[in-house]
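Protein chains: 2
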Amino acid sequence: MTRRAFADVSVGDALPETTVHITRATLVQYAGASLDRNPIHWDERFAQSVGLPDVIAHGMFTMGAAATTVEDWAGDAGAVVELGTRFTKPVVVSYDEGADVVYGGKVTALDEQTRQATLEVSATCGEDKVLGRCTARVQLA
Amino acid sequence: MTRRAFADVSVGDALPETTVHITRATLVQYAGASLDRNPIHWDERFAQSVGLPDVIAHGMFTMGAAATTVEDWAGDAGAVVELGTRFTKPVVVSYDEGADVVYGGKVTALDEQTRQATLEVSATCGEDKVLGRCTARVQLA
Chain A
30 MTRRAFADVS
40 VGDALPETTV
50 HITRATLVQY
60 AGASLDRNPI
70 HWDERFAQSV
80 GLPDVIAHGM
90 FTMGAAATTV
100 EDWAGDAGAV
110 VELGTRFTKP
120 VVVSYDEGAD
130 VVYGGKVTAL
140 DEQTRQATLE
150 VSATCGEDKV
160 LGRCTARVQL
170 A
Chain B
30 MTRRAFADVS
40 VGDALPETTV
50 HITRATLVQY
60 AGASLDRNPI
70 HWDERFAQSV
80 GLPDVIAHGM
90 FTMGAAATTV
100 EDWAGDAGAV
110 VELGTRFTKP
120 VVVSYDEGAD
130 VVYGGKVTAL
140 DEQTRQATLE
150 VSATCGEDKV
160 LGRCTARVQL
170 A
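So the sequence lines, in the order shown, correspond to chains A and B.
Using the numbering used here, read the first sequence as starting at 30 and increasing by one per residue.
Using the numbering used here, read the second sequence as starting at 30 and increasing by one per residue.
Chain A extracted, bound-state conformation (with noise of 0.2 Å):
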């Protein structure tokens, strides 16, 4: 992959969709990649006795997700300068169907000085908003 050329992007261009798909494996890999093991992850008794409708994917890995789609827009890894996010809603993961989250975004700035790009990157799964303001800066090539 070569990273994104400055030349090549207009503000309202929007990041191809993407859908990640996680099941109760992604969440015990995750937690053993993350170190993050609470049992909300993957216990659903657990997640259950505390309030949650049942376990709910890892904030962290829902982040990460979004910037995979963001590196993958930008052509290198390593071109993404800043990402943030808000955690608004959970992801649930049932255990017969696991979840969907789909990222998607656009380009709502080009600062022609750094050739650098600002992005705004939306997780949805269902009728939820998973991530709100999530903003990347990109160093476009």
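There's no promise every hint is true.
Partial list, derived from the structure: chain B residues whose beta carbon lies under 7 Å from chain A [to be verified]:
hint: 1; residue: 30
hint: 2; residue: 35
hint: 3; residue: 58
hint: 4; residue: 60
hint: 5; residue: 61
hint: 6; residue: 66
Don't read these hints as lab results, they were simulated from the structure.
Quick reminder that beta carbons are idealized off the backbone N, C-alpha and C, glycines included.
Knowing the structure of chain A, use the given hints to seat chain B on it.
Only chain B this time, still in chain A's reference frame:
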């Protein structure tokens, strides 16, 4: 800890009995550490669908705990020259109770020339012998 001295050991000496309590959380943690994320170790519905009574512990976990028993007795993990076993019965880890595996063992032979001890290690869960022919060779000081 210092390595146990050959002069202090006799054939028939017993290793202190230790009980290792295993929970579902233990297995999620071990799945991450070992990268063995087979769902029989964390998904009871899957485990039952393949004919197991419930989630079972990783065999390498129960063997690892046997190694710990030997290391603790030897006073030095580096003293364990050899350890082998067979997995005879799975350790079934229930959601509410988990499982308790009781480890013990005894010295079965001593070699004066090499100052090595041969140990027989036992691992039981309830009535079940979890490990079979579990033997270790330890280099004493």
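Checked hints:
With a least beta-carbon distance of about 27 Å to chain A, the hint placing residue 30(B) at the interface is violated under the 7 Å criterion. The beta carbon of residue 35(B) comes no nearer than 41 Å to any beta carbon in chain A, farther than 7 Å, and the hint placing it at the interface is violated. Checking residue 58(B) against chain A: minimum C-beta separation of about 6 Å stays under 7 Å; hint holds. Satisfaction of the interface hint for residue 60(B) is found here, the shortest Cβ-Cβ separation to chain A being roughly 6 Å, below the 7 Å cut-off.
Checking residue 61(B) against chain A: minimum C-beta separation of about 2 Å stays under 7 Å; hint holds. The beta carbon of residue 66(B) is positioned within 7 Å of a beta carbon in chain A (closest approach about 6 Å), and the interface hint is therefore held.
Hint violations for this structure: numbers 1, 2, all remaining hints satisfied.
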